[in-house]
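Peer 1: Sequence:
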Amino acid sequence: MFFYLYAIIELLAIFLDSGIIPTANVSYPWFAAVYTGLVAATYACLLINGFVGFQFAEDGTPLSLWFLRIASLVVFGVSFFVAIATFKKIAGFDYAKPIGLWIIYILWPLICAVVYMISQLILVFRTLEDRWPIGDIIFGTAFFTIAQVILFAFSVTICDAIKHYIDGLFFFTLCMLLSVMMVYKYWDSITKEDLEFSVGSKATVWEVKDPLLAGGSSGALDYSEEDTNSNYHGGAPGSLVGGVGGKQYYQSQAPGARYA
Numbered sequence: 186m187f188f189y190l191y192a193i194i195e196l197l198a199i200f201l202d203s204g205i206i207p208t209a210n211v212s213y214p215w216f217a218a219v220y221t222g223l224v225a226a227t228y229a230c231l232l233i234n235g236f237v238g239f240q241f242a243e244d245g246t247p248l249s250l251w252f253l254r255i256a257s258l259v260v261f262g263v264s265f266f267v268a269i270a271t272f273k274k275i276a277g278f279d280y281a282k283p284i285g286l287w288i289i290y291i292l293w294p295l296i297c298a299v300v301y302m303i304s305q306l307i308l309v310f311r312t313l314e315d316r317w318p319i320g321d322i323i324f325g326t327a328f329f330t331i332a333q334v335i336l337f338a339f340s341v342t343i344c345d346a347i348k349h350y351i352d353g354l355f356f357f358t359l360c361m362l363l364s365v366m367m368v369y370k371y372w373d374s375i376t377k378e379d380l381e382f383s384v385g386s387k388a389t390v391w392e393v394k395d396p397l398l399a400g401g402s403s404g405a406l407d408y409s410e411e412d413t414n415s416n417y418h419g420g421a422p423g424s425l426v427g428g429v430g431g432k433q434y435y436q437s438q439a440p441g442a443r444y445a
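According to the working numbering, the sequence shown is numbered sequentially starting from 186.
Be aware that one or more of the hints could be misleading.
Label-pair restraints from in silico Cβ distances [claimed, not checked]:
#1 K274 / I319: 43 to 49 Å
#2 T358 / V237: 25 to 31 Å
#3 F188 / P247: 17 to 23 Å
#4 P283 / P207: 19 to 25 Å
#5 T342 / P207: 22 to 28 Å
#6 E243 / F188: 35 to 41 Å
Derived by calculation from the structure, the hints in this document are not laboratory data. Glycine residues also receive a C-beta, built at the ideal position from the N, C-alpha and C atoms.
Use the sequences and the hints to build the structure in full.
Peer 2: Given below as structure tokens:
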């Protein structure tokens, strides 16, 4: 869900940042409010995913999935309302004093990112023997930090230096993409499931540790499921070229004919 939200955000950013939807257009505040809500919901989704590893609710169960969806939807709704109310000066909000908008767009993502980073470091040190995922966390945090510094500190400088061809937003988007890639790499490193070949699939790879639950007959517990079909276990006899197995060949001939 996190990656789907990120993809929608980047798609919407194309229309907002490039000027496809002009800022003077009447629909621009509504698209900007949707964008703000999606950003806040994405960080909420990331934060909740960070606590899934602590097994407050088992991952993949309806409880954890629906809690994630409902919480993200609530954050989206609240953020959307605050944004559009600020743009339209309704319900006591005013774009001259956008304190609420500043909280949900600047402060909330920062809080979620810091809490997520700390929680994942605790998770790795307490539950995992492998320390390699720490590298993914460090790189992801570094890219996220660089993105914020470029956007808020050097965006105008970059824009003037490159004569307004690009600004800090370009490098911000690039660094955020790299940080999201590190999140994916981190999740891939702490799970046994191969995420690269399971996107969009509901099937889950489980490790069977109890031999009684393994496939095959009771007399073939030490063999794979494919081995249970071999001739040794009473299955179909192996075949040679022409479709005749060795056992069939010797049984079909007389004892003296084998050495003729």
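Peer 1: Could you run down the list of hints and mark each one as holding or not?
Peer 2: Results of checking the hints against the structure:
no.: 1; hint: K274 / I319: 43 to 49 Å; in the structure: holds, 47 Å
no.: 2; hint: T358 / V237: 25 to 31 Å; in the structure: holds, 27 Å
no.: 3; hint: F188 / P247: 17 to 23 Å; in the structure: holds, 21 Å
no.: 4; hint: P283 / P207: 19 to 25 Å; in the structure: holds, 21 Å
no.: 5; hint: T342 / P207: 22 to 28 Å; in the structure: holds, 26 Å
no.: 6; hint: E243 / F188: 35 to 41 Å; in the structure: violated, 21 Å
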